[in-house]
Amino acid sequence: MSRKAGSIRVRSELAVPLMAVVVGLLFGALAMILTGTNPIRAYAALIRGCFGSRADLSETSVYVTPLIFTGLSIAVAYKAGLFNIGAEGQLIVGMVASAIVGVAGAGLPRIIHLPLTLASGMLAGALWAFVPGILKAKFGVHEVVNSIMMNYIALYLSHYLVTGPIKDPNIAAPYSREIANTAKLTRFFGGFGSSYRFNSGLLIAIAAALLVYYILYRTTLGYEIRAVGHNPDAARYAGISVARSVTLSMMLAGGMSGLAGAVQVCGIQYKFLDLFAFEGFGFDGIAVALVAKGHPLAVLGSASLFGILQRGSQMMQGIAHVPKQVAGIVQAVVVFMVAAEGLIEGWLRIPVLSKAFGHRAGKEEDVR
Amino acid sequence: MKRVLVLILAVALVAGLTVSGSTQRPPKVGIVFDIGGLGDQSFNDSAYVGLKRLEKELGAQITYMESKTPSDYEPNLASLAREGYDVVWGIGFLMADAIKKVASQFPNTRFGIIDSEFTDEEYAALGNILGVVYKEHEGSFLVGVLAALTTKTDKVGFVGGMQFAVIEKFEAGFKAGVWKTNPNIDILTNYTGSFDDPAKGKTVATSMFRQGADVVFHAAGATGIGVIEAAAELGKWAIGVDSNQAHLAPKNVLNSMIKRVDIGVFEGTKMLLEPDFKAHTMVMGIAEDGVGMVTDLSNNASLSAIAKAQEWAEKIKSGEYVVPETPPAKAADLQ
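For the record, the sequence lines run as chains P and R.
Our numbering puts the first residue of the first sequence at 1, with every later residue one more than the last.
Our numbering puts the first residue of the second sequence at 1, with every later residue one more than the last.
I should point out that these hints are in silico values taken from the structure, not numbers from a laboratory.
All the pointers check out, no bait thrown in.
In silico DMTMM-like links for lysine to aspartate or glutamate, alpha-carbon gap of 20 angstroms or less: (1) R:Lys101 to P:Glu178; (2) P:Lys324 to R:Asp196; (3) R:Lys101 to P:Asp274; (4) R:Lys100 to P:Asp274; (5) R:Lys28 to R:Glu267; (6) P:Lys324 to R:Glu83; (7) R:Lys270 to R:Glu117; (8) P:Lys167 to R:Glu117; (9) P:Lys324 to R:Asp40; (10) R:Lys100 to P:Glu178; (11) P:Lys167 to R:Glu168; (12) P:Lys324 to R:Asp45; (13) R:Lys101 to P:Asp56; (14) R:Lys308 to R:Asp154.
With the rest of the complex left out, here is chain P (with noise of 0.2 angstroms):
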């Protein structure tokens, strides 16, 4: 394929996610309107709230880093077929397990303790995904009932564990006891008790999303993830081994949400705090992967996008006192779009709009 070819595939391929984002800032629009707030004050407040200092770009940062993860964690899943909806409950052991080795390993030097906590909450996620993994390759159970299950197991059993065995007794609110300093992702501007909280997590992040790129497209193990999630039958047919690539592609997916809950602890909190309902991380995720197209590298620029908005509708609430329904409109307006891809792909089929968005219509073509 020519360089020309290949970028207006990547534009086209673009063409649909900016669409929807544009129709979703749109349809935002109109509901303020409805509301009887100003759409153009909250959309400014939006953009200062998430770029306006270095302060706003360091939080914002700190909104997309777990979306990239649970981002991925669904991604992977979906490559093989499986439907994630269990990240939710493998970021929070993930966040237990991480804030549980965080305190326990005091003592060790940084180079051991940061990454066996990381990988402690990675660990942690992976095996509460092996469950409905396991269940699924072997007996057919289908993994969303189980994944949501686990999720409601993880939450409560979080609970108990904050409020008695790894409670800090010397505060009366529901925490854990913060982790040692040697447990802490680097904070880029100023020390551990920086009010910048960007952090090392980030580029974890990042690397995690080359990682999956090349586990998924470059190894044998991914090749296997992605016949299976194609045809399972075909893949059986071809030697593949259908148990051991769902269930490792479950736990890869586990992993990634693990590694969330693990960054959120290491990076940001610092310790658990017990959760009255599900932080929806994972549950943003399924959207994240969704407007990705389940691609791991586009998964970086989708939950740029959600962690935009999510940062953005806390500061339109605060600056432009829009109620914070309105920044779900938007985003659920996003996630519909991407989801009625047939319809945008038909708006793009307009002269005026294909030209805007460099979008060839009826040139489709899905090289994966």
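For this one, chain P is given, so just place chain R on it according to the hints.
Chain R in isolation, oriented as in the chain P frame:
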């Protein structure tokens, strides 16, 4: 020459604006809610009432942010501080840790937190935080008295959300109020483990009513809405919490234990705006009008019961009786 003149004028104008702005500008007050958010008909909504009152009476410029996850607490508090808010509130004890961190990062902003207090060393080190705590046990005692004087079956119930020390204060006060009035009353207790599950609240309360209880007090946030529903369906009494919840079932809400989060936010903000503010804990009990019961027309308890509860309120106010903060196991345990 003309250009220079314009420049000088412009500078003077800007300087004039800033100077007059810094002396006369209205205070900016922001609230960060925890994951419950607005619309809970009780705790958070009450804080918002306080915020609106600041806008109306002090001309304050106000805003609020609802947190989606516990990791939002810090950035939300910090964002309002960066936006130049003079006073920033955290509503709910879950934000204690975040407030402490952010207060040390923004020493020129003043912070308040509802339902949490800090040690004297922490206050001395930070200097810019106000902890507001309520004597929920005192208010709960009063509705306990009402429950005891209303029950015909000599059996009442308590439904809690998650079992934290804060929620146990409600249970403690309620039990003390009931047993101080009639030690022979049987009290059923259940913690549902959640603040956001009306269905669970309804199941638990229905079971209590089936077991013969006829008055149930809840301290369970939105879970308690189910308790009130159960009472309405079975024709029994429920007692509301935090705000006056009579509107949820006017004929079946006996009374409500009122916790004036709005007064905490309002009075607390005034304190925090004082130039010579000193970090400390503000305790809101019956004496401070921080907690109490409903005495307006929405009350369904008998006037004699209200009168009796008011007698107790006086005793508590004067210090003659001290309500326990930890739940008594049986009537005989009470002083």
